[in-house]
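*Asks:* So the protein lines, in turn, are chains W and E.
Just so you know, we're using numbering that gives the first Met the number 0 here: the first sequence kicks off at 0 and counts up by one.
Just so you know, we're using numbering that gives the first Met the number 0 here: the second sequence kicks off at 0 and counts up by one.
It should be emphasised that the hints constitute simulated quantities derived from the structure, not laboratory data.
Computed from a predicted model, the values in this text were never measured in an experiment.
Glycine included, every Cβ here is placed at the ideal spot set by N, Cα and C.
One thing to keep in mind: the hints can contain errors.
Label pairs and their calculated CB-CB ranges [stated by the list, open to error]:
1) W:N276 / E:V17: 44 to 50 angstroms
2) W:G304 / E:L38: 22 to 28 angstroms
3) W:R302 / E:I41: 55 to 61 angstroms
What the simulated footprint calls covered on chain E by chain W, stretch by stretch (three residues with Cβ under 8 angstroms from a Cβ of chain W suffice, anywhere in the stretch; the number is not a length) [claimed, not checked]:
4) 27 to 35
5) 48 to 58
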Amino acid sequence: MEISSLKRERGAGRRLRPHAVHRKQRLFVTASLTPIFILFTVFAFVPIVWSLILSFYQYSPLREESPFIGLENYIRLFSDELFLKSLGVTFKFVAAAVIANIIITLLIAIAVNSVRFRGLRSLFRTIFFLPAIAPLAGTAVVWSTMFNYDNGLFNMILAQFNLAPINWLGDPAYALFSVIMMTLWADIGYNVVLFMAGLDSVPDIYYEAARLEGATRLQTFWHITLPLLSRTTLFVSVTTIVSYFQAFPQFQIMTKGEPFNETRVLALHIYDQAFSNSNMGYASAMAAVLLLIILLVTMIQLRAGRSQWEH
Amino acid sequence: MTRRFTWLEGVIIAILLVCAAIMLLPYLWMVLSSFKSNLEIISSATSFVPQNPTLDGYRAVFEEAPFLTWLLNSAITAVIITAATLFTSALAGYVFAKFTFPGKRLMFLLVLATMMIPFQVIMIPTYLIISKLGLINNLAAIIVPSLISSYGVFLAKQFIEDIPRDLLEAARIDGAGELRIMWRIVMPLILPMLSALGIFTFMAAWNNYLWPLIAINDMDRMTVPMALVFFNGAHQVNYNVVMSAAVLITLPVIIVFLIFQKQFIKGLTMTGMK
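Isolated chain W, as found in the complex:
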């Protein structure tokens, strides 16, 4: 009896001063969102728009004038052999590295998840994840010494088997492959953890049912594990594709785009054009192409995600 009357009083109190409460909350919303939105405006919205505008100018911070040249930067892109080459290298890198990454991480995650001793399982997970926390720039430096022709680790191993040394980062046939190898070592940890979490969320009932029906291990994997992992796989693929399109430190540190521009990915080319050659307008047009590619990948993800929603 007392409680209910108290409640009524409180309710009444709330209804008595609706305007005061409203105003105080409006003040809070304005006061807290204004600084945050100024930061978003200055460091996110304005740069995006500015970058697109810059791509229509022949802008260089070193020159006095920066004339408006319309679509000329974009037209130039299609006849620029170096740009087309870097576009090709980028797609080659992303395709090879992403496919290798997904296959390797999926296999490792399944293998680690099948280990029954909990301690051993988390030890494996830790070891595979460890490289992902080190600065990529540092990893690139360490790996370039391992790729060293005269006294690097890989040629040391080859020598053990009486094989001829390889110029890992200097030979056009091996350079991209070498960078991919390093990228995989540095990056598989994330996807291993994500796949392991995805596998954990598959209900045991499905496996028990499969066992009762006498399915083989391969059949179980193909018809139960893979389909139920499809959402995880989609998520992992898209985040990996998007991040590999922007891969930069390993290329800038290990190869600088060499040899013969065989490792000149788009991210490196944009950086070089903007900050080594000061062609910021032209670099912005390249960045716009990169943006378009990433938006397309993301849109394809949303499409695929919608159709694969139920299983």
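Mind docking chain E on chain W? Use the hints.
*Replies:* Structure of chain E alone, referenced to chain W:
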């Protein structure tokens, strides 16, 4: 049946052990190389294990460069960025989750849209803005653009939406201000999400290479990833110095990771799958 499975399990564990050894090999290479002498590296008959272990590499790291300053620069920028990002994300997340105001949907959509923008697109204008503000070569150039995170705002909003409205309403009736409600009720309730976001923000800031490379030229203002590249440029032949620096930089990160591993893995799966 059972026997076949244990046999298969043995093979799987054996393969995993080999893979794990391969994963650890670069670390072993790094540590062992850091104890080699210049002479040993230059001589073509280098072996995996140092023949005459020496601390020359480590000595050079501290003698040739302001290494401690670089560590401090990294620590300062990463701590400020992490603290600020947690605060702004929680605040904006709270506002977007629990208040209605005109333009809310559009504003949130704009914030979300920036998540898809590759850094290569915004780096040129950001450089121009930072230099107009006169911050090039200043640690603030690294900090200021990273005070906010669209990903953080998005995550915070998702988690704060689950907090029952009655709880906040009760605090309001007791006379608590909004900032106090956020600090005393909202923040503690989303602590797991905040700690995951904090770890990731800190790591991303600590490991960031591209933006400091653009914004910083002065040796005294460099951060740790640039320091390694500096040594690599100066010691491509005597890489024991480079490896010593790499060990000094990697070791603290690994120790921190091993301490916070549980939160880290949880955070990765939580934020990754959301």
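*Asks:* Against this structure, judge whether each hint is valid.
*Replies:* The hints, checked one at a time:
Between N276 of chain W and V17 of chain E, the C-beta spacing of about 46 angstroms keeps the proposed range 44 to 50 angstroms intact. Distance hint check for G304 of chain W and L38 of chain E: the Cβ-Cβ separation is about 58 angstroms, which falls outside the suggested range of 22 to 28 angstroms. Distance hint check for R302 of chain W and I41 of chain E: the Cβ-Cβ separation is about 57 angstroms, which falls inside the suggested range of 55 to 61 angstroms. Taking a C-beta to C-beta cut-off of 8 angstroms, the region 27 to 35 of chain E contributes 3 residues in contact with chain W, enough for the three needed, and the coverage statement holds.
With 0 residues having a Cβ less than 8 angstroms from any Cβ of chain W, the region 48 to 58 of chain E misses the three-residue criterion, and the hint is violated.
Of the hints listed earlier, those the structure fails to meet are numbers 2, 5, in rising order.
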